[in-house]
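Student: Residue numbers (this note's numbering): 1 to 148.
Just so you know, the hints here were simulated from the structure itself, not pulled from any lab data.
Each hint should be verified, as a subset may be incorrect.
[Unchecked claim] Lysine-lysine pairs mimicking DSS-like chemistry, simulated, CA-CA at most 27 Å apart:
#	residue 1	residue 2
1	80	137
2	47	83
3	128	47
4	58	47
5	83	58
6	22	58
[Claimed, not checked] Have a look at the derived ranges for each label pair, beta carbon to beta carbon:
#	residue 1	residue 2	range
7	98	146	23 to 31 Å
8	30	113	28 to 36 Å
9	114	40	21 to 29 Å
We put the CB at the ideal spot given by N, CA and C, even for glycine.
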Amino acid sequence: MPHPLNDATAKAGFLGISGGVKKAHLVRSVVEAIAFANAHVIEDIGKWFHVEKPETVKFSGGVAQEELLGQLIANVVGTKVEKPVSLEASAIGAAEFAGIYTGIYTLEDIPRLLTVEKVYEPDANAQKDAETYEKWKKVIERTTKWEF
Numbered sequence: 001m002p003h004p005l006n007d008a009t010a011k012a013g014f015l016g017i018s019g020g021v022k023k024a025h026l027v028r029s030v031v032e033a034i035a036f037a038n039a040h041v042i043e044d045i046g047k048w049f050h051v052e053k054p055e056t057v058k059f060s061g062g063v064a065q066e067e068l069l070g071q072l073i074a075n076v077v078g079t080k081v082e083k084p085v086s087l088e089a090s091a092i093g094a095a096e097f098a099g100i101y102t103g104i105y106t107l108e109d110i111p112r113l114l115t116v117e118k119v120y121e122p123d124a125n126a127q128k129d130a131e132t133y134e135k136w137k138k139v140i141e142r143t144t145k146w147e148f
């Protein structure tokens with residue numbers, strides 16, 4: 001049986017909520033919003049600092065438990081997404097930067113300190129997810145220009 005979140009966007013409609021919306025549709029919309037917001041930040045950083053799209057994106061924290069999120073980010077950004085064994089990699093990252101600052105580590109030491117549990121790569125849904133992301137960006141642009 002397919003995961004109930006996979007076609008939630010199509011059932012719920014892109015904008016608006018109908019009487020047929022189920023819990024899975026709302027969860028899917030939240031997961032998409034997180035993925036799309038992260039993709040947008042990656043895109044903006046590339047524009048602002050004139051850097052290429054990263055070969056790999058790493059994500060962690062409690063939200064990394066959601067398998068769909070890793071896959072959506074991979075599909076929308078068009079790159080590999082790595083999920084570490086320790087989901088508290090954010091705290092580990094802060095400690096690593098402290099280690100770099102104090103001279104315990106160098107930047108070259110950091111990759112070996114993170115053990116990857118799973119790698120997501122763009123899949124057969126990448127085109128559809130990228131199209132949904134483009135629509136999302138249009139909605140964000142239109143709704144942020146309202147005047148009150």
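Student: Each hint should be assessed against the structure and marked as holding or not.
Tutor: Hints, one by one, checked against the model:
A C-alpha spacing of about 22 Å is found between residue 80 and residue 137, which places the hinted pair at or below 27 Å, so the restraint holds. For the suggested pair residue 47 and residue 83, the alpha carbons sit about 25 Å apart, so the restraint of at most 27 Å is met. This hinted pair checks out: residue 128 and residue 47 have alpha carbons roughly 24 Å apart, not beyond 27 Å. Restraint check: the Cα-Cα separation between residue 58 and residue 47 comes to about 20 Å, which is no more than 27 Å; the hinted pair holds.
The suggested pairing of residue 83 with residue 58 holds, with an alpha-carbon distance near 6 Å, which does not exceed 27 Å. Restraint check: the Cα-Cα separation between residue 22 and residue 58 comes to about 31 Å, which exceeds 27 Å; the hinted pair is violated. A C-beta distance of roughly 42 Å is found between residue 98 and residue 146, which places it outside the suggested range of 23 to 31 Å. Look at residue 30 against residue 113: about 31 Å separates their beta carbons, and that is inside 28 to 36 Å.
A C-beta distance of roughly 24 Å is found between residue 114 and residue 40, which places it inside the suggested range of 21 to 29 Å.
In summary, the structure is inconsistent with hints 6, 7 from the numbered list given earlier, while agreeing with the others.
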